[in-house]
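*Asks:* Between the sequences and the hints, there should be enough to build the whole structure, so can you do that?
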Amino acid sequence: MTFWSDPFTVVQQWFNNLLATIGFGPIGVRIVGMLVGIVILAVGPMLFTIFLIWVERKVISRIQDRIGPNRVGPFGLFQPFADMVKIFIKEHITPRGADWLPYNLAPVLAVAAVLMVWAVIPFTVTFFGVDLNVGVLFIIAVGSLGEMGIILAGWGSNNKYALLAMFRSVAQLISYEIPLVLCSLVPVMLAGSLNLNDIVKAQEPWFIVTAPATAIIFFIVSLAEIGRAPFDLAEAESEIVSGFNIEYSGLKFGMFYVAEFLHTFTVALIFATLFLGGWRGPGAEQYPILGFVYYFIKVGVVYFLLMLVDGTLPRLRIDQMMNLNWKTLTPISLAVLVVFPLVDKLMAGSPTWLRVLALAGSNLLVLVIGERIGTRRLARAPAEVGSRDRPVARPENVLSQPDSGAR
Amino acid sequence: MLSHWLYIGVFILVALFLPAAAISIAAILAPKKPNALKDTTYECGMETVGPSWAQFKVQYYVYPLFFLIFDVEAVLLFPWAVAYNQLALYGVIEAIIFVLILLGGLIYAWRKGALEWR
Chain R
1 MTFWSDPFTV VQQWFNNLLA TIGFGPIGVR IVGMLVGIVI LAVGPMLFTI FLIWVERKVI
61 SRIQDRIGPN RVGPFGLFQP FADMVKIFIK EHITPRGADW LPYNLAPVLA VAAVLMVWAV
121 IPFTVTFFGV DLNVGVLFII AVGSLGEMGI ILAGWGSNNK YALLAMFRSV AQLISYEIPL
181 VLCSLVPVML AGSLNLNDIV KAQEPWFIVT APATAIIFFI VSLAEIGRAP FDLAEAESEI
241 VSGFNIEYSG LKFGMFYVAE FLHTFTVALI FATLFLGGWR GPGAEQYPIL GFVYYFIKVG
301 VVYFLLMLVD GTLPRLRIDQ MMNLNWKTLT PISLAVLVVF PLVDKLMAGS PTWLRVLALA
361 GSNLLVLVIG ERIGTRRLAR APAEVGSRDR PVARPENVLS QPDSGAR
Chain D
408 MLSHWLYIGV FILVALFLPA AAISIAAILA PKKPNALKDT TYECGMETVG PSWAQFKVQY
468 YVYPLFFLIF DVEAVLLFPW AVAYNQLALY GVIEAIIFVL ILLGGLIYAW RKGALEWR
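Protein chains in written order, with this note's numbering: chain R, 1 to 407; chain D, 408 to 525.
Hints listed in this document are in silico derivations from the structure and should not be mistaken for laboratory results. Every value quoted in this text rests on a predicted model; they were computed, and no experiment measured them. Among the hints, erroneous ones may be present.
[Said to hold, decoys possible] A few chain D residues facing chain R, derived, Cβ under 10 Å: (1) Y470; (2) Y515; (3) A516; (4) K519.
All residues carry an ideal CB built from backbone N, CA and C; glycine is no exception.
*Replies:* Dropping the structure here:
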């Protein structure tokens, strides 16, 4: 195993030998090695976020026909560092009546919930935090912790608007968690394991080929989970006050943004692991560094798609968003769970290519039929929001007012 | 096995510690000049009226109930999904009946109008 084929293992072994020569026992080597690995795996994403902010600003600028940051350093690469220094020395304003513990715990929890996912992601065949046997469940459980952060932020701020925005955000997040969970059942079924490493190894072919409709729904739901356009109505910057984080300032506010950017990338990581074959590719088993490259190419593509959707689609209304989830995505996910195993078990004896073809076909068929039914229902009954007898400023209303208070 | 969960536990502590440390450092670096006007609740320049624990739509209560039902269902389906490759057609059909009952429940709630956002 040379350095160029698997740098992670080589560096790890070199570090362990170094510890042993210093004078640690075998248990000490394991514990110190684990601690250092954890710190690297947790600090890495936090620093990587700075780069992500730059990428995001550049791409969104190009979509909006701007250039984006280009003054500080080459291609504006140092702009996020300058912003970071600025946000570090901003005053922390705590509103009167804020609940100290929830108010301060919320930004910490928001970031921690995203960071924890990185513990179980397999980057290559040899490089991962921990080979957890319930990886998918762990990701879902940790994802719910982010909602906890939002609840604490809205509750602790002592602000009506933060509270209302919290209700909106949490309603959105927990609603979209159901198709997310139902769709992540399909890779688990195909691989027969909750372990992310086993899921990656079982992808022959990639699960996006075997279950395309599930992958599409998972992508849409991921968009909603990170609160990006078209599902960013809970914190629509241009329309309502910022959302549940309205009372935060300084780095506490910054932490919510770090959490958002990192969550976007983490969602791309999860999608690439579950549906795009993770580190799989030609030669990835022998040369883990190649797997790392493949993995980050796949993640980059998903991340770029997420940014593209974010930059181009208009915002949904809250009733449209809830309808999309409860009346389209959830029934389709449930129907997939009915049709998919049935087709799979009926095709049990046939060759692999025929089985994959039948699974993909049935999967897409369910999506198309469900989408047709949903669209026809929407066309039949145009939704109306708000009460009909709401006073509206029309000329006849204004002119017919009795001028009681005039004199 | 135990070392896996030890790893997860330490990772959770580190993940909580990192943002907390960053915020603490920033709190030391940042200026601290609070005054009464600055610390008021932000409502776009308007003065706050009444307590901040406002009333909210009952719809926000109905959706979590559905969430609870479907989440418990997912907990029941995950072991089935793991054992799926060893199951015969019979085991699959049982799970399908379970999912269909839930789909029936969703359609019932739908027809009752519980999913309408008004």
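*Asks:* Hint by hint, note whether the structure agrees.
*Replies:* Hint check results:
{"no.": "1", "hint": "Y470", "in the structure": "holds, 5 Å"}
{"no.": "2", "hint": "Y515", "in the structure": "violated, 13 Å"}
{"no.": "3", "hint": "A516", "in the structure": "holds, 9 Å"}
{"no.": "4", "hint": "K519", "in the structure": "violated, 13 Å"}
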